[in-house]
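Single-letter residue listing:
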Amino acid sequence: MREVVLARPGDFAEWRDAARGLLTGGVAPENVSWRGADEGASLFGDNAPPASGAAISLPRELLAMADRVICHRDPTVPARLYRIVWRGLRDRQLLARRTDPDVDWLSKTDKAIRRDIHKMHAFVRFRRLGEQAGRESFAAWFEPDHYILRLTAPFFQRRFYGMDWAIVTPDARAIWHDETLSYGAGGTKDEVPDSDVVEDQWRTYYGATFNPARIKIDAMRAEMPKKYWKNLPEAQDIAPLLAGAGARVERMRGAAVSMANPLTDKWRTRVADELLLDDDIRTLNDVARAVDHCTCCPIGCNATQGVAGEGPAGARIMLVGEQPGDQEDLQGRPFVGPAGQVLNEALEEAGLDRQRLFLTNAVKHFKYEPRGKRRLHQNPTAGEIDSCRWWLDKERALVQPDLIVTLGGSALRGVTGKAASIASMRGAVHELAGGTKLIATIHPSYLLRLPDRARAAQERAAFVADLAQARKLAA
Amino acid sequence: MAEKAILEKLGILADAAKYDASCASSGTVNRDSTGTKGIGSTEGMGICHSYAPDGRCISLLKILLTNFCIYDCRFCINRASSNVPRARFNPQEVVRLTLDFYKRNYIEGMFLSSGIIRSEDYTMEQLVEVARILREEHRFGGYIHLKTIAGAAPDLIARAGLYADRLSTNVELPTEAGLQSFAPEKRPETIRKTMASVRVGADDAIEAAKGRLLKKAKPPRFAPAGQSTQMIVGADGSRDDDILATATNLYSGYRLRRVYYSAYSPIPDASSDLPPVRPPLIREHRLYQADWLLRFYGFERAEIMEGARDGMLDLAIDPKLAWALQRREAFPVDINRAPREMLLRVPGLGTRAVDRIVAARRLGKLRLGDLAKLTASVKKLLPFIVTPDWRPGSLTDSASLRARFAPPAEQLSLAL
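Residue numbers (the numbering used here), protein chains in the order written: chain B, 1 to 475; chain A, 1001 to 1416.
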């Protein structure tokens, strides 16, 4: 039987060195006895072999867990951990065997340590000691369940680099001073000030942020167990807050509704009635403002904003698309998404300057189906296109283009008011009532959906040709 | 004297802010104060530094800059017509409180909101100023959550995104009609436009990061913890279906990290047309469960509503169980063979348990005893699963299955 004495509970390096020696010496777990320095020496047993230089290769995750679990107060932990690393050396899949009793124990114990660490991060309360040369210093008393100070101090160092602090626990203390972290012996509560000027503010905040109408004591105690309360300045207010909660809610419920604050009208700003009437819409700017509030069809309720047309009022050519897409809806401008990119390139090839065109859509709001983190485009119905024509007609009347180019079927319906296929209209120049010319082509998003490259290139060339024809017609 | 004034203001302005449920301090970038004269760090997981007896986590100093407000939203304690006492902090006072609390490890950071004073832009400017002082003058590295005032100019929102970890704009009520009748000054399209400008700001920052020429020159991050919103539940007549429909639209359009559901809770000096009842806490809880099903369990809203009645979720049992009871033909599920997506649909199995099961079954068949080590409660699973040593037989289709889970009516009224 080998005997290992661990002098410093929770010290990972000490346990690791001993375990490494035993592993390289091939000492099986059942032949080792682990004990703490204060547990009294046994009469029998050899000393453990010293750590040799031989490399021991264990999964990194297992080592990280051992580093935490060794901090557990249970005296059987060093022995159980040794058995697990002994097995881990022979079974690389060990940690994945969550149903194995050793691994189950390891993960539960690790969880307890991680919770202890997390609660220490949360519940340490510093009290101010003073200030020297512009650097403030603080101290805290904390009683963790396990030997976790060395696992938590680096967190406080990263967080409170710009001040000096000490955390005193019954087992050990950590001190951050002059940008150096050091550890020392455990201490007592009296070493830390018993109050802090800011605690009154903190307790006021704690009381004010509590909602007496929704008492959930169990939820509070599950996350902030009573054992921590004695070192939390706000915890002394829990009982009085609970005692007064019922009466506070009754007062809210029972109080007759009082008269409105006499200053209400002075404070309130009247919202100008932005809904413009038909006669009020005289410029493209008016259209852009008013279309935002349109509720003629249900699409608008879910879209971000109405996207009106964009371009000079004197444009000769008007391009009409289907409806805003995701990006157009977010940015409030037509043709700024992927289809807009395709259109921009095609316009350039066709020799058209986007700045001199008027770009708009048959439908002014984005219709979509939510799918997780995306919005999937949905075609507007004929009814929606027809009810949105009111806006398109306004834009046509204000711009009075010589030529309208419809992109896609919805645009064609929006402009003509009739159900006609692009194929039947394409390639010819049509004349609309009032003498405006019309040519019909595809929507640029169609090009994005074609999987066959050769076909896409062909369709794209035809699209550019249609745009080039528009340029000639308007010249 | 000055101290007392601070205490009084703190009492008023924390009380005024508490109806906003958000207190998250997670999901931002890793950042710490190493090598600086300042303080503050954020490391992935947020920390709840305390809990109030209402069971809510206290992670941030959640206060208003002022509770004066020119709006008159009827569900709000701070509406113009309310007679609550009013107060206003100046930016320096908020900075001081935040730093004093932070240094004592009371909080992870600050969540600052405000009543609307003078104008939306003026109010937003004040909020941004507090964040600027904290970050630039005090090198504060803790968490900052700023409320974006709906209707504030996009360039102010862009500046807020440079200082804040998280931005949030509350939609408050799930339907347009509700908002129009309860919050006459708020416009739904203004709220959505503000959310859109937050998303565009975040997208632009990501594009800028991709397009930069030098790998070293890091472009500034934009609200790395994303944006969130809150809906009040139970103040108006909206059904759970409306609420979830709005939530799915918001998640898909503006990449929200979280939608918070806040049971309408009676406020002092309430408007007369609001329910003076206890907050519908169970309903709030069921909505959160449904929200989780949408985001992490692969459920569509329509599926969740299969287990609902008249657009309202079942209060007595959780929404996944309610769905499963309507879809018994999909069960029982073989724990050792079913794909991950199907395991996620088993009532009683959470995402973590499913991950563990998928990992563990690669190394050998799982029996009931093994499941006990991988998940909290095997009992709830029994009607819905098959293992080599368990078959539910007729239990899956038994008429009394719902009663097995639903608490007796009496107990429910106590729980409410």
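A portion of the hints provided could be inaccurate.
Pairs of lysine-lysine, DSS-like flavour, derived with a Cα cap of 30 Å [said to hold, decoys possible]: (1) B:Lys-108 / A:Lys-1379; (2) B:Lys-111 / A:Lys-1037; (3) A:Lys-1210 / B:Lys-216; (4) A:Lys-1218 / B:Lys-266; (5) B:Lys-226 / A:Lys-1186; (6) B:Lys-437 / B:Lys-418; (7) A:Lys-1365 / B:Lys-266; (8) B:Lys-394 / A:Lys-1373; (9) A:Lys-1373 / B:Lys-227; (10) A:Lys-1186 / B:Lys-108; (11) B:Lys-111 / B:Lys-226; (12) B:Lys-266 / B:Lys-394; (13) B:Lys-373 / A:Lys-1210; (14) B:Lys-373 / A:Lys-1373; (15) A:Lys-1193 / B:Lys-373; (16) A:Lys-1193 / B:Lys-394; (17) B:Lys-111 / A:Lys-1193; (18) A:Lys-1380 / B:Lys-111; (19) B:Lys-394 / B:Lys-373; (20) A:Lys-1210 / B:Lys-108; (21) A:Lys-1037 / B:Lys-189; (22) A:Lys-1218 / B:Lys-111; (23) B:Lys-108 / B:Lys-266; (24) B:Lys-226 / B:Lys-108; (25) B:Lys-189 / B:Lys-227; (26) B:Lys-108 / A:Lys-1373; (27) A:Lys-1186 / B:Lys-373; (28) B:Lys-216 / A:Lys-1218.
On the chain B side, residues computed to face chain A include the following (Cβ under 7 Å) [as the list claims (entries may be wrong)]: (29) Arg-97; (30) His-121; (31) Phe-126; (32) Gly-130; (33) Val-198; (34) Ala-213; (35) Arg-214; (36) Glu-223; (37) Pro-225; (38) Lys-227; (39) Trp-229; (40) Lys-230.
By construction, these hints were calculated from the structure, which means they are not laboratory data. Even for Gly, the Cβ is constructed at its ideal location relative to N, Cα and C.
Results for each hint:
{"no.": "1", "hint": "B:Lys-108 / A:Lys-1379", "in the structure": "21 Å, holds"}
{"no.": "2", "hint": "B:Lys-111 / A:Lys-1037", "in the structure": "34 Å, violated"}
{"no.": "3", "hint": "A:Lys-1210 / B:Lys-216", "in the structure": "46 Å, violated"}
{"no.": "4", "hint": "A:Lys-1218 / B:Lys-266", "in the structure": "48 Å, violated"}
{"no.": "5", "hint": "B:Lys-226 / A:Lys-1186", "in the structure": "44 Å, violated"}
{"no.": "6", "hint": "B:Lys-437 / B:Lys-418", "in the structure": "16 Å, holds"}
{"no.": "7", "hint": "A:Lys-1365 / B:Lys-266", "in the structure": "73 Å, violated"}
{"no.": "8", "hint": "B:Lys-394 / A:Lys-1373", "in the structure": "68 Å, violated"}
{"no.": "9", "hint": "A:Lys-1373 / B:Lys-227", "in the structure": "28 Å, holds"}
{"no.": "10", "hint": "A:Lys-1186 / B:Lys-108", "in the structure": "50 Å, violated"}
{"no.": "11", "hint": "B:Lys-111 / B:Lys-226", "in the structure": "20 Å, holds"}
{"no.": "12", "hint": "B:Lys-266 / B:Lys-394", "in the structure": "39 Å, violated"}
{"no.": "13", "hint": "B:Lys-373 / A:Lys-1210", "in the structure": "21 Å, holds"}
{"no.": "14", "hint": "B:Lys-373 / A:Lys-1373", "in the structure": "34 Å, violated"}
{"no.": "15", "hint": "A:Lys-1193 / B:Lys-373", "in the structure": "18 Å, holds"}
{"no.": "16", "hint": "A:Lys-1193 / B:Lys-394", "in the structure": "24 Å, holds"}
{"no.": "17", "hint": "B:Lys-111 / A:Lys-1193", "in the structure": "44 Å, violated"}
{"no.": "18", "hint": "A:Lys-1380 / B:Lys-111", "in the structure": "24 Å, holds"}
{"no.": "19", "hint": "B:Lys-394 / B:Lys-373", "in the structure": "35 Å, violated"}
{"no.": "20", "hint": "A:Lys-1210 / B:Lys-108", "in the structure": "42 Å, violated"}
{"no.": "21", "hint": "A:Lys-1037 / B:Lys-189", "in the structure": "29 Å, holds"}
{"no.": "22", "hint": "A:Lys-1218 / B:Lys-111", "in the structure": "36 Å, violated"}
{"no.": "23", "hint": "B:Lys-108 / B:Lys-266", "in the structure": "62 Å, violated"}
{"no.": "24", "hint": "B:Lys-226 / B:Lys-108", "in the structure": "22 Å, holds"}
{"no.": "25", "hint": "B:Lys-189 / B:Lys-227", "in the structure": "15 Å, holds"}
{"no.": "26", "hint": "B:Lys-108 / A:Lys-1373", "in the structure": "10 Å, holds"}
{"no.": "27", "hint": "A:Lys-1186 / B:Lys-373", "in the structure": "26 Å, holds"}
{"no.": "28", "hint": "B:Lys-216 / A:Lys-1218", "in the structure": "45 Å, violated"}
{"no.": "29", "hint": "Arg-97", "in the structure": "6 Å, holds"}
{"no.": "30", "hint": "His-121", "in the structure": "5 Å, holds"}
{"no.": "31", "hint": "Phe-126", "in the structure": "5 Å, holds"}
{"no.": "32", "hint": "Gly-130", "in the structure": "13 Å, violated"}
{"no.": "33", "hint": "Val-198", "in the structure": "5 Å, holds"}
{"no.": "34", "hint": "Ala-213", "in the structure": "5 Å, holds"}
{"no.": "35", "hint": "Arg-214", "in the structure": "5 Å, holds"}
{"no.": "36", "hint": "Glu-223", "in the structure": "5 Å, holds"}
{"no.": "37", "hint": "Pro-225", "in the structure": "10 Å, violated"}
{"no.": "38", "hint": "Lys-227", "in the structure": "14 Å, violated"}
{"no.": "39", "hint": "Trp-229", "in the structure": "10 Å, violated"}
{"no.": "40", "hint": "Lys-230", "in the structure": "14 Å, violated"}
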